[in-house]
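Q: Letter by letter, the chains look like this.
2 protein chains.
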Amino acid sequence: MKISIIGVGLIGGSMALKLRTKGIADFIYGIDQSEKHLTEALDLNIIDEKADLESGIKSSDLIILAVPVDAAKKLLPKVLDLVSEHQTVMDAGSTKSGIVNAVKDHPNRARFVAFHPMWGTEDNGPKSAVSESFSGKAGVICNREESAPDALRLVERIAESLDMHLIYMNAESHDVHTAYISHISHITSYALANTVLEKEREEETIFQLASSGFSSTVRLAKSHPEMWVPIFRQNKENVLDVLNEHISQLRKFKSALEKENFEYLGELIANANKIRGILDK
Amino acid sequence: MKISIIGVGLIGGSMALKLRTKGIADFIYGIDQSEKHLTEALDLNIIDEKADLESGIKSSDLIILAVPVDAAKKLLPKVLDLVSEHQTVMDAGSTKSGIVNAVKDHPNRARFVAFHPMWGTEDNGPKSAVSESFSGKAGVICNREESAPDALRLVERIAESLDMHLIYMNAESHDVHTAYISHISHITSYALANTVLEKEREEETIFQLASSGFSSTVRLAKSHPEMWVPIFRQNKENVLDVLNEHISQLRKFKSALEKENFEYLGELIANANKIRGILDK
Numbered sequence: 001m002k003i004s005i006i007g008v009g010l011i012g013g014s015m016a017l018k019l020r021t022k023g024i025a026d027f028i029y030g031i032d033q034s035e036k037h038l039t040e041a042l043d044l045n046i047i048d049e050k051a052d053l054e055s056g057i058k059s060s061d062l063i064i065l066a067v068p069v070d071a072a073k074k075l076l077p078k079v080l081d082l083v084s085e086h087q088t089v090m091d092a093g094s095t096k097s098g099i100v101n102a103v104k105d106h107p108n109r110a111r112f113v114a115f116h117p118m119w120g121t122e123d124n125g126p127k128s129a130v131s132e133s134f135s136g137k138a139g140v141i142c143n144r145e146e147s148a149p150d151a152l153r154l155v156e157r158i159a160e161s162l163d164m165h166l167i168y169m170n171a172e173s174h175d176v177h178t179a180y181i182s183h184i185s186h187i188t189s190y191a192l193a194n195t196v197l198e199k200e201r202e203e204e205t206i207f208q209l210a211s212s213g214f215s216s217t218v219r220l221a222k223s224h225p226e227m228w229v230p231i232f233r234q235n236k237e238n239v240l241d242v243l244n245e246h247i248s249q250l251r252k253f254k255s256a257l258e259k260e261n262f263e264y265l266g267e268l269i270a271n272a273n274k275i276r277g278i279l280d281k
Numbered sequence: 001m002k003i004s005i006i007g008v009g010l011i012g013g014s015m016a017l018k019l020r021t022k023g024i025a026d027f028i029y030g031i032d033q034s035e036k037h038l039t040e041a042l043d044l045n046i047i048d049e050k051a052d053l054e055s056g057i058k059s060s061d062l063i064i065l066a067v068p069v070d071a072a073k074k075l076l077p078k079v080l081d082l083v084s085e086h087q088t089v090m091d092a093g094s095t096k097s098g099i100v101n102a103v104k105d106h107p108n109r110a111r112f113v114a115f116h117p118m119w120g121t122e123d124n125g126p127k128s129a130v131s132e133s134f135s136g137k138a139g140v141i142c143n144r145e146e147s148a149p150d151a152l153r154l155v156e157r158i159a160e161s162l163d164m165h166l167i168y169m170n171a172e173s174h175d176v177h178t179a180y181i182s183h184i185s186h187i188t189s190y191a192l193a194n195t196v197l198e199k200e201r202e203e204e205t206i207f208q209l210a211s212s213g214f215s216s217t218v219r220l221a222k223s224h225p226e227m228w229v230p231i232f233r234q235n236k237e238n239v240l241d242v243l244n245e246h247i248s249q250l251r252k253f254k255s256a257l258e259k260e261n262f263e264y265l266g267e268l269i270a271n272a273n274k275i276r277g278i279l280d281k
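Protein sequences appear in the order of chains L and W.
For the first sequence, full-length UniProt numbering assigns the number 1 to the initial residue and increments by one for each residue that follows.
For the second sequence, full-length UniProt numbering assigns the number 1 to the initial residue and increments by one for each residue that follows.
Incorrect hints may have been included.
[Claimed, not checked] Quick list of in silico lysine to any residue cross-link-like pairs, SDA-like style, CA-CA up to 25 Å:
hint : chain 1 : residue 1 : chain 2 : residue 2
1    : W       : Lys252    : L       : Leu240
2    : L       : Lys274    : W       : Lys2
3    : L       : Lys259    : W       : Ile247
4    : W       : Lys2      : W       : Glu146
5    : L       : Lys252    : W       : His224
6    : L       : Lys236    : W       : His224
7    : L       : Lys74     : W       : Lys259
8    : W       : Lys254    : L       : Asn244
9    : L       : Lys137    : W       : Arg201
Derived from the structure by calculation, the hints contain no laboratory data.
All chains should be built: construct the whole structure from the sequences, respecting the hints.
A: In structure tokens, the structure reads:
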């Protein structure tokens, strides 16, 4: 199968590596605004050839859109304009309502499968791509009834080749759940980094003392605004809803401390401990 | 050297394993309220013999106090009552002002060295002890001028045997810095877990969708109240100070989203990204 990857960064690059290893991809075109990323992707054997949007799409069975969600929303209608009934388009974005709504009346809507691989790191660019990134992770397909059966089957096969387990939900539910499970973690982590940077003027001390616990909690704060501002913009209502809850949860800790109600503090912590039972299933 | 370890859990157990490997510890007495932990520690070859407080201390050159900080504060004066000028006592607690103040007028104060290894996990008990836990991490010695030179030298040798790099500061500074770098991370993580548990009633969905990012940010929320309530209690003022700053940082994200000021949102994120430069030095 010939595949065009639009956006040869962390996600697109990791998919390319794995699909090549699995023998699914015979030839991979790379399409990217960044010449630097294209050159790196060629050097790393992530892509076979760089291409422009039209020629890459024309020659491909599958087109994978792996760019920030604002760019994806703008680009997808143009991509669908160019495809025939024998081609399939999938995305990899962290928000789903925006992109699904952007093409809901497009004549080629059925050629598109809305996909979200639940994996990412704070790094970006083809150099951070890793073949095994997606193994064991969830791959979410949204609004499957809006895709043609053969397009859906192809994307399911791609997800399985990435060693992901598939989950189906509608785009609205997806955006609610990811606000809880992914987007709020990033805001927390950014705010924590800003807190420490604000309060702790002695950078050397941060560096010297930073324990593995701190590094773990603040890891996501390294994630770039180019990717995350568009996600927060598209999922604004859900993120605000969870953020309000998060602030009110932090206020409970504040109140327990201020009132020296350490029994209540212990209850708050014991409740949080329940996450262990859920995550370590 | 003969060593008594009071509290054969994650920290005490990990120290024991490493000090035995390094040949520093010839014989290790385990002292613990939990018979279960003592039996496990014997089975795991963490300790050579279980002992009661008096007999263990009497037979040891070094006594390591590795219990929750409230218990440590109560226990240390009793331990110092029992030691002679040829014995050294060190602790491993995450707060330092409380314990240092508890013994500041004790006649044997000079035999005590206040120590904090900047490492921990969300697990507890001897079964989670790992020999290499402390390698490359910071070990903080507080108020070194209050310890006898030979006691200080011994604890420095212990920290070096654990492959830690040493930092010296006074107890008050330590408690300020750890509020920033360690304690607030735990509150953030607990509050995030409670947020998700409150909002996301579908536990199965949390489990299925939870990405590595979420798991990383929420990892510390698995840490037990028995250890953390006493830390927050002893470091209340500093933790409240940082918690207030953290809530106000989260409010900036909230305000940027509510006002759809995505340029400001991008600035907040770009500022948080600076943590990369500090942590990845």
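Q: A separate judgement is required for each hint: does it hold in the structure or not?
A: Against the structure, the hints:
As the CA atoms of lysine 252(W) and leucine 240(L) are separated by approximately 12 Å, the hinted pair is consistent with the 25 Å bound. Between the alpha carbons of lysine 274(L) and lysine 2(W) the distance comes to roughly 40 Å, so the proposed pair goes past 25 Å and is violated. A hinted pair counts as satisfied when its Cα atoms are at most 25 Å apart, and lysine 259(L) with isoleucine 247(W) qualifies at roughly 18 Å. In summary, the hint linking lysine 2(W) to glutamate 146(W) is supported, as the alpha carbons are separated by about 24 Å, within the 25 Å threshold.
For the given pair, lysine 252(L) sits about 18 Å from histidine 224(W) by alpha-carbon distance, which is consistent with the 25 Å threshold. Between lysine 236(L) and histidine 224(W) the alpha-carbon distance is near 34 Å, which puts this suggested pair outside the 25 Å criterion. Proposed proximity of lysine 74(L) and lysine 259(W) is supported: the alpha carbons are some 23 Å apart, at most 25 Å. Taken as a hint, the lysine 254(W) and asparagine 244(L) pair is honoured in the structure, with Cα atoms around 8 Å apart against an allowance of 25 Å.
At roughly 21 Å between alpha-carbon atoms, lysine 137(L) and arginine 201(W) fall within 25 Å of each other, so this suggested pair holds.
Against the hints set out earlier in the document, violations occur for numbers 2, 6.
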